[in-house]
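Enquirer: Residue-level listing of the chains:
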Amino acid sequence: MSDITSLTLTQTIAALDEKKFSEEELNNAYLERIKKLDPKLNAFLEINEKSNKIPAAIKSLISTRGLKTSSASKIIENYNPPFNATVIGRLLDKGVSVIGKTNQDEFAMGSSGENSAFGSTKNPWDLIKVPGGSSSGSVAAVAADLAVFALGTDTGGSIRQPASLCGVVGFKPSYGRVSRYGAISMASSLDQIGPIGKSVEDVRLILEWIQGPDGFDSNCQPSSHLRGATRVAADAHLGGGLNGVKVGVPKEYFAVPAGRQGEGLDSGVEKVVKDAIKEMEELGAEIVEISLPNTQYAVAVYYIIMASEVSSNLARFDGIRFGGDRSLFGAEPKRRIMLGTFALSTGYYDDYYNKAAKVRTLIKKDFEKAFEKCDVIVGPVSPTVAWKLGEKISDPLTMYLSDVYTIPASLAGIPGLSVPAGFSEGMPVGVQILGKYMDEETILNVGEVLEKALDIKEKPKL
Amino acid sequence: MYKPVIGLEVHVELNTKSKMFCNCSADYFGKKPNTHTCPVCLGLPGALPFINKQAIEGCLKIGLALNCTPAEESLFERKNYFYPDLAKGFQTSQYRWPLSVKGWIDIEDKSGEKKRIRINRAHQEEDTAKLMHQLGNSKTQETSNNENITGIDFNRSGVPLVEIVTEPDFTDSSQIRDYAKKLQQIFRYLGVSNADMERGDMRLEANVSVREVGNEKWDVRTGKLPPYRVELKNINSFRFMVAAVEYEIKRQIELLEAGRDDELRQETRGWDENKKITYVQRSKEEAHDYRYFPEPDLPEFRVQSSEFRIDDIKKGMPELPWMKAERFVKELGLKISDAKILTEETELADIFEKLVKIGREKEIEPKVLANYVVNQKIDLLNKDPNQIIDDIKSKSVGIISDEEELDKVCREVIDENGGLVQFYKRSLIPSGDEIKKGNPNMLNVLIGGVMRKTQGKANAGLVRKILEKLLNG
Chain A
1 MSDITSLTLT QTIAALDEKK FSEEELNNAY LERIKKLDPK LNAFLEINEK
51 SNKIPAAIKS LISTRGLKTS SASKIIENYN PPFNATVIGR LLDKGVSVIG
101 KTNQDEFAMG SSGENSAFGS TKNPWDLIKV PGGSSSGSVA AVAADLAVFA
151 LGTDTGGSIR QPASLCGVVG FKPSYGRVSR YGAISMASSL DQIGPIGKSV
201 EDVRLILEWI QGPDGFDSNC QPSSHLRGAT RVAADAHLGG GLNGVKVGVP
251 KEYFAVPAGR QGEGLDSGVE KVVKDAIKEM EELGAEIVEI SLPNTQYAVA
301 VYYIIMASEV SSNLARFDGI RFGGDRSLFG AEPKRRIMLG TFALSTGYYD
351 DYYNKAAKVR TLIKKDFEKA FEKCDVIVGP VSPTVAWKLG EKISDPLTMY
401 LSDVYTIPAS LAGIPGLSVP AGFSEGMPVG VQILGKYMDE ETILNVGEVL
451 EKALDIKEKP KL
Chain B
1 MYKPVIGLEV HVELNTKSKM FCNCSADYFG KKPNTHTCPV CLGLPGALPF
51 INKQAIEGCL KIGLALNCTP AEESLFERKN YFYPDLAKGF QTSQYRWPLS
101 VKGWIDIEDK SGEKKRIRIN RAHQEEDTAK LMHQLGNSKT QETSNNENIT
151 GIDFNRSGVP LVEIVTEPDF TDSSQIRDYA KKLQQIFRYL GVSNADMERG
201 DMRLEANVSV REVGNEKWDV RTGKLPPYRV ELKNINSFRF MVAAVEYEIK
251 RQIELLEAGR DDELRQETRG WDENKKITYV QRSKEEAHDY RYFPEPDLPE
301 FRVQSSEFRI DDIKKGMPEL PWMKAERFVK ELGLKISDAK ILTEETELAD
351 IFEKLVKIGR EKEIEPKVLA NYVVNQKIDL LNKDPNQIID DIKSKSVGII
401 SDEEELDKVC REVIDENGGL VQFYKRSLIP SGDEIKKGNP NMLNVLIGGV
451 MRKTQGKANA GLVRKILEKL LNG
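In order, the protein sequence lines correspond to chains A and B. Counting in full-length UniProt numbering, the first sequence runs from 1 upward without gaps. Counting in full-length UniProt numbering, the second sequence runs from 1 upward without gaps.
I should point out that these hints are in silico values taken from the structure, not numbers from a laboratory. Small disclaimer: the values here were computed from a predicted structure and weren't measured. All clues given are correct.
Some residues of chain B that are not near chain A, with every Cβ distance over 10 Å (derived): (1) H11; (2) D27; (3) G30; (4) S93; (5) M132; (6) E147; (7) N148; (8) I313; (9) L348; (10) E365; (11) D379; (12) R411; (13) Q422; (14) Q455.
Capping the alpha-carbon separation at 27 Å, the derived lysine-lysine pairs in DSS-like fashion look like this: (15) B:K469 / B:K408; (16) A:K20 / A:K459; (17) A:K35 / A:K20; (18) B:K79 / A:K358; (19) A:K251 / A:K364; (20) A:K251 / A:K365; (21) B:K79 / A:K334; (22) A:K355 / B:K79; (23) A:K36 / A:K388.
All C-beta atoms, glycine included, are put in the ideal place defined by N, C-alpha and C.
Work the whole structure out from these sequences, hints included.
Expert: So, in C-alpha cells, the structure goes:
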C-alpha cells in the first residue's frame, strides 16, 4: 500500500475517481505510515484517527474545531478551538479531512523547527538535521509522505524555507489572497496561510481551494483580488517552454554581504540555483539582471515590525480565559515579546517601529521597480542546506539572518514559490520564484514548467 | 486669584445593531452574562476584527455635529495594556489618526450666557468587558463557598465607543454639567446613542488643574498649561464627577496658596463618596505606556471613499436642536425660551410640529400652541395630538397663558382697585408656609377683573398665581 502515499494530490483525486482505492484505504495507508515513521520524525502533535477524506496535515496554529490547536506552545497546550479557520472550512467543503495537526516552531517563531515546546521535527532526508521552520512538521509530513498535502503559514519564510530544506513545493500567496481567520496570529501584517505539496500542480489546486475573499479577514477582501489565483495555465506554458517570460535575477542575492563573513550564499546552494536559472534560459526565458537595493535592511526591518506585532498579538495569552500563565512561553516568544515591547515604547517608536515601517515601503518599491523589467524574480530560498539539529540554536542572530532571501517578499506582501531544484551535500535545495502582487498565476506557471524540466524524482529514504 | 483649567473626555456607547468588530448584538444591557459573544469579542486565538460601518458613520456624525473636520485618512491603532476586562490584551482604538478633529461647541448657562468649548477630537474605539465583583457571603450558583469572586461579562466587550476629547476650556463645574447635557442632547438627536448615564452609555473623565490668574507662564490659549494635571477617572455618576471636580479645585488651590506646589502631581484620582474626597489611584510613575501602533489586522480607511461618503453622511444629518429652535423662532414666531423647551428632545419637537400642522387647519397659531403646551406642561408623548388641539379649541380659542402679558393686565387691575387691594392686603395672615393667605373672595373679584379685561381668555390659574405673587409677598 506504500505506493498510495507516494501519489500527488491530483493523482490521488484521479485514483479515487477511478475507484482504484477507497477513501478508507487511503487514510489507512497514511495513518499506518504515520504510525511507523512519525516517532522518528516528530512531525505531528496530534493525529486524527477519524480522518476519512483526502488526508491533509495542518499546521498546529490553524484552528480546527475538535482538534488541539496549540501553536506548539505549552501556554495553550490543550486549547481546543470552538471554530474552524476559514481555510479549514473551505478544505472540508472540497472533500479534505485533517489527518493531523503538525509540529512547528512555537507560535511560528523560528527557522529550524527547534523552537517547538514539544521537541523538534527531524528532516526526513537526514534525521540529525533540521527540517527548517517554522512550518517544520507540515513540510516534513509532505516530504515523508505522511499526508497528501499540508497547510503551513509563512510570515518571513516559514513555508518556503522548510520546503526548500526538505525538497517539497511550498507556496506563500500574496498577503490578502488567503484568509487568515483562524490562524493564530504571529505578525498580522505578514502572516499568510499557504499550501505545501508534492508538486506545483498540487499547490495550484490547493490554493484554488483555500483562496478568495472572506468577510472575517478585513485584509482579504474582493478589492485586493485583482484576478483569479490560478487561471488555467496557457498552452504555451504547458507545452514546456518559458518563451517570452522575463526572469529577473537580483544581483544583491548572489553577492556576499561585505563584512559579514560566513553569511553569504553557500557555494553548493548557489550552484543549484544558478543551474536552475540556466535551465530557465534554455526553456526560452529571458534572464535580466535586476537590483533590490534595500535588501540589506530587510532582516532588521522585519525583526522590528514582526516583533512589535508579536508583542501585541501574544498579549491575549494572559491565562484568564484559556491557557496557562505567561511563564509558559518558550525562550523565543519571550525574546520577541521583549524586543517588540521595546520597539513600540514611548521615545523609541519613531526610531524603531516608525522607521522600519518607512523602510518597508522602500523595499516594496524596490520590487515594484524591479517588476517593471521582469515577470518573475528568481533566487535562492535559503543560503544553506539543512543544518544539524542544535547547531544554531544558541545563536539566534545567525538563525535570523538565514531568512534573508524570504523576508523581503514577506515585507512587500508579494507571492513566493519554493520549487525543489537539486541537491547539495546530499540535501535538497529549492529555488525561489517571486511574482507581482496578486499575480500567483505567473509564478505557478513558471514553477510548473521548471519542475517538469528538472524532473527530480529522488525521495528521502526512511 | 486662581482659575481652574479643566478638560473633559466623554465616552459614549453607540446603539448600533452589532458590535464594533464582530456580528454580536451590541444591545447587551441587562442580558445574561456572556451570551453576546463570539471568537472575535472574546479575543480567541486566530479571530480577526472587521469594521462596523454603522459605527463609523455614527462617529463621523458626532464629529460633524461638533463642528469637527473629518480626517481624510484614518486608521485604527492598538492601545496595549493588560487588564482582565480586555480580551485581546489591547484595545482597538485611535490615537494618531482619529476620525474627526478640531471642532467646537457652544454651551449655555442658565442665564443664557454662551461659552465656546473647543473639541480636540472625536475618535472611534471599542468598549471593554465588564468585571462583576461578588462577595462570598452572597450565595449564588457560582459561589457555593465563601470566596469573593470576580466574574467577567464579555457582552460589553467590543461594543462601539466614541471618545470625545475637549481642549482644557472649562473653568467651573457648572460648565461641565452644561456640556454633558448638550452632548447628551446631540447624541439623542443624532440617534447614535441612548446616552443614558445611569446605564453607563455615557461616561465622563476630567483633567483638572488650576492656574494663577495673570501668570503668563500658564496660558490655556497658547497651550502653556500648568505643569501638572490631575485625571479624575472611574467615577460612574455624573453628580459624583461634579463633586470630585469641585473638591479637586479646592484642594489644588489650597495647596498652591500654602506654597505646596510640589505636591501637585500628574496623577489619576478617584472619588470616595463616603468621605467626599478624591484619592490617588495611580501616580505618574505607574502610568501605562500604551505602545500605540497601527492595527495591522484592519486596513486604513479613507473617509471620502466609496465605503464612507462623507457628503452622504452630511446630507443624512438630522436638524440639530439649536437649528430647530432657531427655525421655530423664525418660521413659527415662537419665543426663544419656548422654542428651546420644545426642542430639548427630538421626539417632543416632532410631535409639536405635528400639532402645528393640525393646529393650522383649525386656525390655531403656533405661538398659542407653544404657550399652551409649555405652560400647561402638556404630556405630548402620551396624548393624541388631535385631542390636544380639540382641548385647546373647546376651552377657549386663543387662551392667554403668556405670563408677561397677564402680568401686565394684573398690574392694571391692581392699580384700578386700590381700595379692594388695601382690604385684601390687611386680610393676609401667616399660614405656616412662607406664603401668606388672604381673603379668597376679594382675590376672586380681582381675578374677575382680569378676566373682563381679556374677554375671558386669560388662564385663570395663572392669573391667580400672578396676583398672589404681586400681593401676598
